[in-house]
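Student: The primary structure of each chain is shown beneath.
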Amino acid sequence: MDITPIASSSSGNAYLISDGVTILLLEAGVKLGKIQEKIDLTSVRACLITHEHGDHAKHAKDIAKWMPIYSSKGTFDCLDFGVYNYQKNILKAGKEDLIGTFKVIAFKTQHDAKEPYGYLLKSIITNETLLFATDTYYINNTFDALDYIMIECNYDEAILKRRYTNGEVSKLQYKRLYNSHMSLDSCVKFFKANDLSRLKEVYLMHLSDKNSNEQDFKRKIQEITGCMVYVCPK
Amino acid sequence: MENQKQEVKKQEITKVIEFEKNISDSVTNRVNQLSKDGRLNLPANYSVGNAITSAWLILQQTKDKNGRPVLEVCTKDSIANSLLDMAVMGLNPAKKQGYFIAYGNQLSWFTSYFGKCAVVKRLKGIDYEPIATIIYEGDELELVHTELNEELVINHTTKWQNKLNGVIAGAYATVKQGEVIRSAVMTLKEIKEAWLKNPSLTKRDHVDFEGEFCKRTVINRLVKMIVQTSNDDDLLAEKMIENEDQHYDFDETEVVEEAKKEIELNANKGEKVGFAKEAPTYESEIVVDAPPIKQTASSEDYKQLSIDDDNPGY
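Going line by line, the protein sequences match chains A and B.
Quick note, the first sequence lines up with residues 1 to 234 if you use the working numbering.
Quick note, the second sequence lines up with residues 235 to 548 if you use the working numbering.
Hints are computed from structural coordinates only; laboratory data are not their basis.
Quick reminder that beta carbons are idealized off the backbone N, C-alpha and C, glycines included.
Some hints here could point you the wrong way.
To be verified - Taking lysine-lysine and the DSSO-like style, the derived pairs with C-alpha atoms no more than 30 Å apart in a straight line are:
(1) Lys330/B to Lys31/A
(2) Lys423/B to Lys458/B
(3) Lys210/A to Lys114/A
(4) Lys92/A to Lys189/A
(5) Lys31/A to Lys192/A
(6) Lys243/B to Lys270/B
(7) Lys297/B to Lys31/A
(8) Lys511/B to Lys192/A
(9) Lys355/B to Lys171/A
(10) Lys239/B to Lys310/B
(11) Lys297/B to Lys270/B
(12) Lys310/B to Lys161/A
(13) Lys495/B to Lys210/A
(14) Lys65/A to Lys329/B
(15) Lys31/A to Lys243/B
(16) Lys243/B to Lys61/A
(17) Lys210/A to Lys255/B
(18) Lys161/A to Lys61/A
(19) Lys210/A to Lys244/B
(20) Lys58/A to Lys92/A
(21) Lys239/B to Lys58/A
(22) Lys189/A to Lys114/A
(23) Lys270/B to Lys244/B
To be verified - Pairwise CB distance ranges, derived in the manner of DEER restraints:
(24) Ala193/A to Ser269/B: 54 to 64 Å
(25) Phe81/A to Gln295/B: 36 to 46 Å
(26) Gly20/A to Tyr333/B: 48 to 58 Å
(27) Asn256/B to Lys95/A: 23 to 33 Å
(28) Gly20/A to Gln340/B: 18 to 28 Å
(29) Lys511/B to Ala193/A: 32 to 42 Å
(30) Tyr333/B to Leu172/A: 13 to 23 Å
(31) Gly504/B to Leu172/A: 55 to 65 Å
(32) Ala193/A to Asn263/B: 39 to 49 Å
(33) Glu492/B to Ala193/A: 14 to 24 Å
(34) Gly74/A to Thr487/B: 41 to 51 Å
(35) Glu446/B to Lys92/A: 34 to 44 Å
Build the full structure now, drawing on both the sequences and the hints.
Tutor: Following this line, the structure appears as structure tokens:
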């Protein structure tokens with residue numbers, strides 16, 4: 001499986017995954033031009049969106065001109081597709097679906113959005129599974145053996161606390177982070193709770209600009225997983 | 235070409251930051267100047283900086299009726315003036331004490347009901363907020379005129395049964411200003427006429443919570459009279475809502491502890507998600523090889539960087 005992060009931060013998210021036959025776009029938070037730098041949009045089979053916040057779905061309407069969009073009902077309720085309404089495809093949590101050569105199961109994530117999803121994908125070509133979970137402060141489910149994991153690792157509690165005491169983070173933001181994004185600790189716990197025997201690559205997403213330490217995060221996750229960890233570029 | 239694009243983007247970002255800084259600075263300076271001249275005396279616990287910061291956060295998300303961001307649509311002057319309006323009254327939009335509304339390219343500050351209550355409490359001689367009482371059909375009232383020739387209810391006897399019947403006949407509000415009691419009395423007809431004047435009021439709320447909205451309307455009437463006829467000296471507030479921090483009312487440690495407990499309790503405890511072992515039959519699809527995703531120099535770089543890392547950390 002080929003994973004290409006395009007952007008990963010609170011100002012925009014988009015990732016491309018390909019199993020050699022089907023290419024999927026995950027998230028629609030960057031301008032079309034930026035995606036087109038990497039791929040001809042006509043060759044992308046579909047776009048999956050996790051939730052309606054701007055950094056994940058701002059350009060969904062533009063992308064709907066090119067391909068079908070998959071997401072939860074709650075997310076679609078908050079988005080306007082205008083005449084491209086017919087491109088909406090509602091996924092039900094826990095139900096298996098097929099998009100191109102990818103099998104997809106959506107699962108619920110924990111975020112301050114209407115109905116946020118994470119996705120478990122399996123290519124029927126390569127037989128590899130990929131977990132995609134971002135903007136969630138924990139993941140309730142556990143998963144069968146995973147080959148690739150793309151997970152949010154937003155902040156380090158120690159750094160956040162220090163910045164909060166220094167007054168660099170507002171109280172509102174401080175409170176929100178705990179209830180909406182994944183800390184390094186929660187991320188580590190996630191890896192410990194799941195079967196990593198088949199794991200090949202890990203992609204850490206959505207690192208906070210200032211509340212995180214890229215090298216430190218990477219090292220910690222590498223220590224647990226024992227495989228290559230990439231930090232998605234902002 | 236690429237460099238040029240980046241340069242333009244950089245300039246745009248600095249422009250936005252400078253724009254914010256300029257306006258915030260000029261409003262803060264103006265308020266400080268007014269305070270210095272003795273024309274404005276903001277309460278000690280009102281922080282102009284904080285109010286403007288929260289206002290700025292709200293402004294970034296405020297849109298005009300066409301759905302365009304007001305910061306792009308409205309003139310710089312009107313933005314500064316609306317912020318100044320807010321700051322002079324010592325109000326904070328984060329406490330819902332007012333809203334920014336765009337009329338065409340003019341941004342204006344609209345003081346809300348809560349804002350008016352906050353302002354009236356800052357006037358000299360007013361220590362408590364105005365209280366409104368509802369008059370039900372069947373209540374007995376004695377109405378007199380005060381020394382200011384304002385209508386004042388001096389005797390109001392009601393019965394529980396009248397409240398139960400729930401037929402509202404009117405409402406009155408009073409507030410003590412020094413030794414004088416200021417008052418406003420309105421019949422239900424007058425209240426409803428006032429509602430009709432404002433098409434933006436959601437009718438549904440006014441039907442569902444008629445009593446509460448009657449109280450608000452009559453307090454509004456009273457406060458308007460007092461605030462707008464006060465001379466400017468009185469606007470020098472002696473008292474604002476107890477503490478600036480109160481609107482961040484939540485206790486952050488509690489929130490954090492709760493979130494942690496929730497994570498502890500639920501994380502990775504749910505059912506296992508996986509694909510069915512036997513592959514379900516799918517309708518056959520035409521299989522075409524996908525083109526490779528272009529790896530631009532930058533993305534190559536980042537992968538390279540990851541591999542050549544000095545501390546792989548194993």
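Student: Checking one constraint from the list: CA of Lys239/B to CA of Lys310/B, max 30 Å. Satisfied?
Tutor: holds, 26 Å
Student: Between the alpha carbons of Lys511/B and Lys192/A, is the straight-line distance 30 Å or under?
Tutor: Cα-Cα ~24 Å, so holds.
Student: Lys58/A and Lys92/A were given as a pair; does the straight-line alpha-carbon distance stay at or below 30 Å?
Tutor: holds, 22 Å
Student: Hint check: Lys243/B vs Lys61/A, CA-CA at most 30 Å. Holds or violated?
Tutor: Holds: Lys243/B and Lys61/A sit about 23 Å apart, inside 30 Å.
Student: Just to be sure I understand the hint, the distance between the Cβ atoms of Lys511/B and Ala193/A should be within 32 to 42 Å; is that true here?
Tutor: violated, 22 Å
Student: Is 18 to 28 Å right for how far apart the beta carbons of Gly20/A and Gln340/B are?
Tutor: Distance hint for Gly20/A, Gln340/B is violated at roughly 57 Å.
Student: Given a hint of 39 to 49 Å, does the C-beta separation of Ala193/A and Asn263/B actually sit inside it?
Tutor: Cβ of Ala193/A to Cβ of Asn263/B: about 55 Å, so the range 39 to 49 Å is violated.
Student: Are the Cα atoms of Lys161/A and Lys61/A separated by 30 Å or less?
Tutor: Violated, at about 38 Å.
Student: Does Lys270/B lie within 30 Å of Lys243/B when you go C-alpha to C-alpha?
Tutor: Violated, at about 40 Å.
Student: Assuming the hint says 23 to 33 Å, is it satisfied by the Cβ distance from Asn256/B to Lys95/A or not?
Tutor: Given a distance of about 53 Å, which is not inside 23 to 33 Å, the answer is violated.
Student: In this structure, is the beta-carbon distance linking Glu492/B and Ala193/A contained in 14 to 24 Å?
Tutor: holds, 21 Å
Student: Is 41 to 51 Å right for how far apart the beta carbons of Gly74/A and Thr487/B are?
Tutor: Since Gly74/A and Thr487/B have Cβ atoms about 31 Å apart, the given range 41 to 51 Å is violated.
The structure fails hints 1, 5, 6, 11, 12, 14, 18, 23, 25, 27, 28, 29, 31, 32 and 34 (numbered hints given earlier, in ascending order).
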